[in-house]
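**Q** Spelled out, the chains give:
Number of protein chains: 2
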Amino acid sequence: MAPKYVLNYFDVWGTAEPIRLILHYAKVEFTDNRVKKEDWPAMKPKTPFGQLPTLEVDGKVINQSCTICRYLGREFGLAGSDNWEAAEIDAVVDNANDLRQQFRKVFEMKDPEEKKKMKETLLTETVPFAVSRLEKRLKNNNGYIVNGKLSWGDIYLVHLMDLMEDIISEDLKKTAVHALALRKKVHELPGIKEWIAKRAPNSFSAAKLLE
Amino acid sequence: MAPKYVLNYFDVWGTAEPIRLILHYAKVEFTDNRVKKEDWPAMKPKTPFGQLPTLEVDGKVINQSCTICRYLGREFGLAGSDNWEAAEIDAVVDNANDLRQQFRKVFEMKDPEEKKKMKETLLTETVPFAVSRLEKRLKNNNGYIVNGKLSWGDIYLVHLMDLMEDIISEDLKKTAVHALALRKKVHELPGIKEWIAKRAPNSFSAAKLLE
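Protein chains in written order, with the numbering used here: chain A, 358 to 568; chain B, 358 to 568.
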C-alpha cells in the first residue's frame with residue numbers, strides 16, 4: 358500500500374513548493390496541509406526542529422526541504438542510478454542553494470551603498486557564472502542535469518527558476534537557453550502541468566528582494 | 358580495486374575537515390591535497406563551480422562539502438540502512454548547517470547594537486533549543502543520531518562541535534551531555550583518533566567570529 362503522505366507548510370510556495378512539484382509528478386496522494394500563521398506557535402514545538410516544511414510518512418516525520426526532496430526522489434526513482442549520479446544531483450542542488458544564499462545576503466544588507474555593490478556583483482558575475490556552468494552541464498546531459506534523464510534535482514532547479522522569474526532578464530535568457538528549455542520541459546510533465554495550472558501564484562518577488 | 362581519491366582544499370579545516378574525518382575513519386588511501394592560496398586563481402576556473410572542496414574519484418570530480426560527505430557515507434556503509442534513515446541523517450545535518458548559518462549572520466552583521474542582540478538570541482535561545490533537540494535524539498538512539506549506530510552525520514556533527522569548541526560554555530556542557538559523549542566516542546574511533554592527534558589545530562575561532 359502507498360504510504361500516507363502529509364506535507365505541512367504555510368500557504369505559500371516557499372521551501373515546500375519543490376516538494377509539492379515532486380509529489381505531483383509522482384502522482385501520489387498527499388495532504389497538502391497549509392498551516393495558518395495563527396496556528397504555527399502551537400505547532401512549532403511539536404515539529405522536529407521548530408521549522409516547516411515537514412513531511413509525515415505514515416506518521417513518521419522529517420523536516421528540511423532538500424532532505425525531503427531527496428528522500429522522495431529516491432522513493433520515486435528520481436535520484437540517479439548509482440551513488441555517483443546521486444552525488445552529482447546533490448552537488449548541483451547545493452550549488453544552486455549557495456547561489457540562493459547570495460540573494461539572501463543582498464536582501465539582508467542594510468547599508469545602501471554596500472547593497473548596491475553586492476547586487477551588481479551578484480547579477481553581473483555570480484549569476485552569469487552559475488548559468489554558464491549549468492548550461493554546459495545541461496548541454497552535455499541531454500538537457501538534464503545528470504545522465505540524460507529527469508531527476509529530483511531538475512525539478513528543484515526549475516522551482517528556483519520559477520522563484521527567480523522576475524529577474525530573468527532578456528540578456529540572461531539569451532545565455533540560459535538550455536536552462537529555459539529544461540524549465541519548459543518540466544512544466545509540461547504530466548502531474549506538474551496540472552499542478553502549476555491551478556496553484557496560487559508566488560507571493561514572493563526576487564526583484565523586490567534585491568531592491 | 359579501491360578508487361583513487363583526491364581531496365582538494367586549502368590548508369585549513371574549513372568545509373573539508375568532515376570529509377577528511379570520514380576518509381580517515383574508512384581507512385582508505387587518499388591524497389589530502391592542500392591548495393596554496395597563490396595557486397587558487399589558476400585552479401578555480403577548472404573546478405565544477407568555482408569552489409573548494411572538490412573530491413576526485415578515479416578522475417571524476419564533485420564539489421560541495423555535504424554532498425561529498427553523503428557520497429562517501431554511502432560508499433562506506435555510513436548512510437543508514439534504508440531511505441528513511443538516510444533522510445533522517447540528512448535532516449540532522451541540514452538542521453546543524455542552518456544553525457551554522459545563524460552564526461554566519463551574526464558574523465556578517467556590521468551594526469554593533471544589532472550584532473549584540475543577534476548574538477544574545479543565538480546563544481540564549483537558538484543554540485540551547487538545537488542542543489535540547491539533539492540531546493533527545495541521541496538519548497533515543499543509543500547515543501547516535503539515527504538508529505543506534507554510527508553514520509556520516511555523527512561524524513559531521515562532531516566536526517561542527519570541534520569548530521565550536523571555544524564557545525561551548527560550562528552551562529552548555531551541562532545540557533549537552535549526550536552530544537559531548539558522542540564527540541568523545543567519535544574522537545576515539547580508530548582512524549579518526551590517529552588523525553586528530555596529528556592534524557594541525559583549527560585556525561578558526563567561533564568566539565572571535567561572534568565578537
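Bear in mind the hints are in silico, worked out from the structure with no lab data behind them.
Even glycine gets a Cβ: it sits at the ideal position worked out from N, Cα and C.
One or more of the hints may lead you astray.
As the list claims (entries may be wrong) - Taking CB as the label site, the calculated pair distances span: (1) 358(A) <-> 482(B): 39 to 47 Å; (2) 459(B) <-> 394(A): 16 to 24 Å; (3) 489(B) <-> 547(A): 28 to 36 Å; (4) 418(B) <-> 394(A): 38 to 46 Å; (5) 473(B) <-> 371(A): 55 to 63 Å; (6) 530(A) <-> 493(B): 34 to 42 Å; (7) 522(A) <-> 454(B): 42 to 50 Å.
**Q** Hint by hint, say whether it matches the structure.
**A** How the hints compare with the structure:
no.	hint	verdict
1	358(A) <-> 482(B): 39 to 47 Å	holds, 42 Å
2	459(B) <-> 394(A): 16 to 24 Å	holds, 22 Å
3	489(B) <-> 547(A): 28 to 36 Å	violated, 44 Å
4	418(B) <-> 394(A): 38 to 46 Å	holds, 45 Å
5	473(B) <-> 371(A): 55 to 63 Å	violated, 30 Å
6	530(A) <-> 493(B): 34 to 42 Å	violated, 49 Å
7	522(A) <-> 454(B): 42 to 50 Å	violated, 27 Å
Taken one by one, the earlier hints fail for this structure at numbers 3, 5, 6 and 7, listed in ascending order.
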